[in-house]
Every structure is written in structure tokens, then in C-alpha cells.
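**Q** Protein chains in written order, with the numbering used here: chain F, 4 to 92; chain X, 12 to 521.
Honestly, I wouldn't trust all of these hints.
Pairs of lysine to any residue residues, derived as SDA-like cross-links and limited to a Cα-Cα distance of at most 20 Å, are as follows [claimed, not checked]: (1) X:Lys16 / F:Arg52; (2) X:Lys20 / F:Val65; (3) F:Lys6 / X:Glu325.
Note that these hints are calculated values from the structure, not bench results.
Model, not experiment: these values are computed from the prediction.
Letter by letter, the chains look like this.
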Amino acid sequence: MSKVYLALQDNEESHYIVEAVEEDNPAVTVIYQPAMIRMENEGQMVVRRETVEEKMGRDWEVQSIHVNLITLGGNVEEDDDALTLSWND
Amino acid sequence: MSPKKLSLKEKYSLLTRDLEWEYSYRDYKEIFPQEEFEGIKITDWSKWEDPFRLTMDAYWKYQAEKEKKLYAIFDAFAQNNGQLNVADARYVNAVKLFLTGVSPLEYQAYSGFAQVGRQFGGVGARVACQMQSLDELRHVQTQIHAMSHYNKFFDGLSEFNHMHDRVWYLSVPKSFFDDARSAGPFEYMVAIGFSFEYVLTNLLFVPFMSGAAYNGDMATVTFGFSAQSDEARHMTLGLEIIKFLLEQHPDNVPIVQRWINKWFWRGTRVLTLVAMMMDYMLPNRVMSWKEAFEVYFEEAGGALFKDLARYGIEMPVYAETAIAEKEHLSHQAWSIFYNYTHAAAFHTWMPNEREMDWLSEKYPNTFDRYYRARFEHWREMERAGERFYNPTLPMLCQTCQIPMGFTEMDNPTLIAYRQSVFQGERYNFCSDGCKDIFDHEPQKYVQSWLPVHQIFQGNCGGAEMEDVLAGYYRMNLGTDNLDFHGSPDEQRWNHWHNLQTAAEQMKKAS
Ligand SMILES: [Fe+2]
Ligand SMILES: [Fe+2]
Ligand SMILES: [Zn+2]
Chain F
4 MSKVYLALQD NEESHYIVEA VEEDNPAVTV IYQPAMIRME NEGQMVVRRE TVEEKMGRDW
64 EVQSIHVNLI TLGGNVEEDD DALTLSWND
Chain X
12 MSPKKLSLKE KYSLLTRDLE WEYSYRDYKE IFPQEEFEGI KITDWSKWED PFRLTMDAYW
72 KYQAEKEKKL YAIFDAFAQN NGQLNVADAR YVNAVKLFLT GVSPLEYQAY SGFAQVGRQF
132 GGVGARVACQ MQSLDELRHV QTQIHAMSHY NKFFDGLSEF NHMHDRVWYL SVPKSFFDDA
192 RSAGPFEYMV AIGFSFEYVL TNLLFVPFMS GAAYNGDMAT VTFGFSAQSD EARHMTLGLE
252 IIKFLLEQHP DNVPIVQRWI NKWFWRGTRV LTLVAMMMDY MLPNRVMSWK EAFEVYFEEA
312 GGALFKDLAR YGIEMPVYAE TAIAEKEHLS HQAWSIFYNY THAAAFHTWM PNEREMDWLS
372 EKYPNTFDRY YRARFEHWRE MERAGERFYN PTLPMLCQTC QIPMGFTEMD NPTLIAYRQS
432 VFQGERYNFC SDGCKDIFDH EPQKYVQSWL PVHQIFQGNC GGAEMEDVLA GYYRMNLGTD
492 NLDFHGSPDE QRWNHWHNLQ TAAEQMKKAS
């Protein structure tokens, strides 16, 4: 199985997103690099709107992840409730 | 009653797919004249998927937010004299190389996506290309804004655009994009959208920007990451176009594979500049080129090609060579630039003892064995007042336009040298990859504008080196070029920080 990954700019908003990803993807590996945070997971990773909203304590649109996004690897699926990355192998 | 809020999917289909209309009084082929000549077969454009489902209204909203954040940081950087806080003045040479070599490619990408977007019969692809085109225009603008601050304090930045179209090493990235833009629309998408954006841009931006962060350059980090936030969308578009082409018709598979082979190789050659930047130009090093290549190509690219195997797509044909080269690329490239620094608009230098040790540690198989002794010798020559500059003009590879300085991978002491004869003329190449690309389309590459040939033909300002460098390239000789040690950049930096150069210390002591 290959790893999908998602890297965000290291800032306040991203910290909540990372917390949410850790909660929804317990096996995720989080790597802190200069000015960026990289998350990796085998096969699949999901960023769920509800979990992020809970961590932030306010409304959050999935598409606003673009503001803090640096790079990603995997097939993308995005709707109102979640952003999902996956490899189908 | 308030109107129901549209879901992303509904909004996407209304604001993109719904913009399409029936062509009733003109023939489809007249409207999209470039859709067939490359041999690609499209049976149904409606199968095009855009995973991000970004619509124009949301696009403007998020892009505006990114710009606001970015310019707040530029202002803070300028107000706080951020240029004084970089690791040391050598670092700025990486910025010079970026502005002269990479930023103009953003402009080429803007123009390229606008051009090919017009050629696609599918509205989904057209809208995605339009957004990417606007992104790329934003990238070139923000990069020029960010680096204009450095231009007030350091040499070598002021003529970046003029130089990009003329200077020998800048013809490497320039000709890469010219090659893509003079191909058909589908090849351009596989070249730039997939091979470059998906497979390789991570290697350009992520290490470069982490490097900037590590060397105290917050302005560059921010424009870099702000640009990267668009890049994730570009990568997804690149992957989408590949999947779309492969699903449309089995006849597309071999064509796409050949383009992947070609553009992967073209791209890795361009990234040579990044390799040497990472290993030699950053005073505080983040990771070696070799490590970056392992994470962003071998691991990430490996996962990608495993995913594409179901379509019959394989790893690019010269991936093995590129993997072997990760041990050598930066050292060989830095040697070339050290040789020709008198003809470059940035400074080079020999690594100090601590930096050589870092290279030995990161490259245990190659650095001590093949490169360290040569570099120590050059350092000795410099100490003796005989800094080595190579007075000849190098032969260039007809395809990638890099001086022919790369070696065979099974014998790193032997220069790699390939040739082809076409219509009675002999052409030279740095590698099998570059030779294959030429052999497939010789009529295209015989037209290459090779800087060294052009100098010898008298097309670059005159017969003397000064005519070329000062006149045609607009370099300020003795200022923009030559070794970092002794440069006005170094003197100013030392003055700002009350430091002494080695030469000044010697003078005082005697
Ligand atoms: Fe860009
Ligand atoms: Fe891009
Ligand atoms: Zn070549």
C-alpha cells in the first residue's frame, strides 16, 4: 500500500486541521518541518469538516483548506463534508 | 423562505458545465482545430472530472485571502529590513537564480495555460486551465514583488527578464518551456500539468521554501508557500488530465507514455539547478538533494506510477538513470558553475570545511571519492590568489542546453557523450534521454537557440567576452559575476554586520 500525504503551512489555523486529521486518521504520521507540517498515511486520509469545526469552534468550509495547503499526493475527492485522499492499489 | 444553499457539486455543475453551449452554425473542428493532430482520441469530454470543484466565485474569494496574507508579510519584511536577517549573503544567490531562472517560467505557464485552455472542447478542462493560467500570473507577479526588495540591496537581480531570454544557463529553463509551448495542447498538459507540476514541482518548491525558512528569508517562504497552495490544485489537474486521456481511448496510452518519458527527463535536467542550490547555495542546509529526491520522486512518484499501472503506464524510461544521478548531480553542476562564474549573474564559492564535511556525510558513496579532492584543490588555488575560471566556451547538449559536463553513471570520471547525425550535421547530447528526445523529433530540435553557438555565430553582441557579458547579457562585470569572496555583495554584508573579510584581517595583522 502506498502513502498519501498532505502538507500545510505551519500556522494557527493549520494546527486545528492537523488535530482533526489526527482524530479521524489514528494511524497518521505528522512531521514538522521548517514552516510546514506534513501528514502521511497508508492508503487513505480524510479531512472532515465537522471535526475541524469542532476543533476550531466555528464554521469552516472544506474548500478554505486551499488557503493553507502546500502540497498533496493521492487521488482527491472533495465535497461539502470532507476532503479525501486515496491511492487505489 | 431563504433559498436553499447549493451543494458544491450542484454549484460546480451550474457554474462550469452549464456554461457550455451547442455549436449550431460552426463545425466543431473549426472551433477546436488543434484537438486531433497529436493523435489523441477524445470520445466524451463530459467524462472529465474536476475533483476540487472550484467555481470562479470561490476562486476569487480564496485567492484574495491568500494575497492579503502574503502582502502583509511582504510589508513587514521590508519594514523590518528582513534582508539583514538571512543566514549570510551567499544565500541571496539562490534568490537570484530563482528570479532569473524560475519566475519567468511562471509567466510562460500563464501564457501556456491560457493558450491550451482555448483549444479543449470540454468546458471542465477549459475552466481548470483558465484558473491555472490566472494562478501562474499571480505567481510571477508576487515573486517579482517579493524579490524587488532584495534588488535594493544586492547585485544580479535588476535585469532578470532581459537575462532570461539570453544568458547561457537560463536557456536551460527557458527552452524547456518553449519546447512545451510549441507542442500541441495535449502534450503541453502532459509536459507541464502532469510531468512538471505533479511529478516534479514539489522538488522545486518544497525544498526551496523550507530552505528559505531555514535561512531566515520569510518573504520567499511566504510567496513560495502561497504559490504552492495553488500548486496542489495544479497537481490534481495534471493527474486528472492523465487519467482522462488514458480512459478515453487505448490508443492514447503509448502516446502519453512517450510524453511522460520525454518530459520527466526534460524536467529532471532543469531541476539540476535546484540540486546545486540545495547542496551548495544554502548556508543552513535543510536536507540534501539526494534526500529530497528520495522523498519527492522515488517515494511519491513510486506511489503515483503504481496507481497508474492499471492503465498500462510505466515508470518513465530514464527514471533509473535519474535515481543513479542523485548521488552526483549537484556536485557536477556546481563544478560547472564554479568554472564559469565569470559569465554568470550570481556568485559561486567553494564550500568551507564544515560544509565539505556535511557533503561527505550526506553523500558517503560519492563525495569523498570523486569530488572532495577537486574542490580542495580549487580552494587551494583561490588561497594562492589564482581562483580558477575556465576561459573556454562549453559545448552544450542540443536538447537540454546544459554544458556537456555530466558523466556516465557507471563511470563518474568519464564525461557522457552521445551524438546523432541528421541531414549531414552532427548533434551532441549529454545523455541517452536527451538523444532519444532529439531522435524522435529532429526537425524541432535542430532549431534550438543554443547560446554558445549563437556567440560563435556573432549573434550576441560581438567577438569579445565583454561584448557578450556586459553588452548583450547586461551583466555588471566585477559586480554581478565572479566569486562571492571579494564581491561587493560580500563587502556590503560585512559592513552591515561589522564583519571583516579574510583579506581585511590579513591586512590588519601585517
Ligand atoms: Fe506557478
Ligand atoms: Fe503551477
Ligand atoms: Zn541534455
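**Q** Now, for every hint given, state plainly whether the structure supports it.
**A** Quick rundown of the hints versus the structure:
no., hint, in the structure
1, X:Lys16 / F:Arg52, "holds, 17 Å"
2, X:Lys20 / F:Val65, "holds, 13 Å"
3, F:Lys6 / X:Glu325, "holds, 19 Å"
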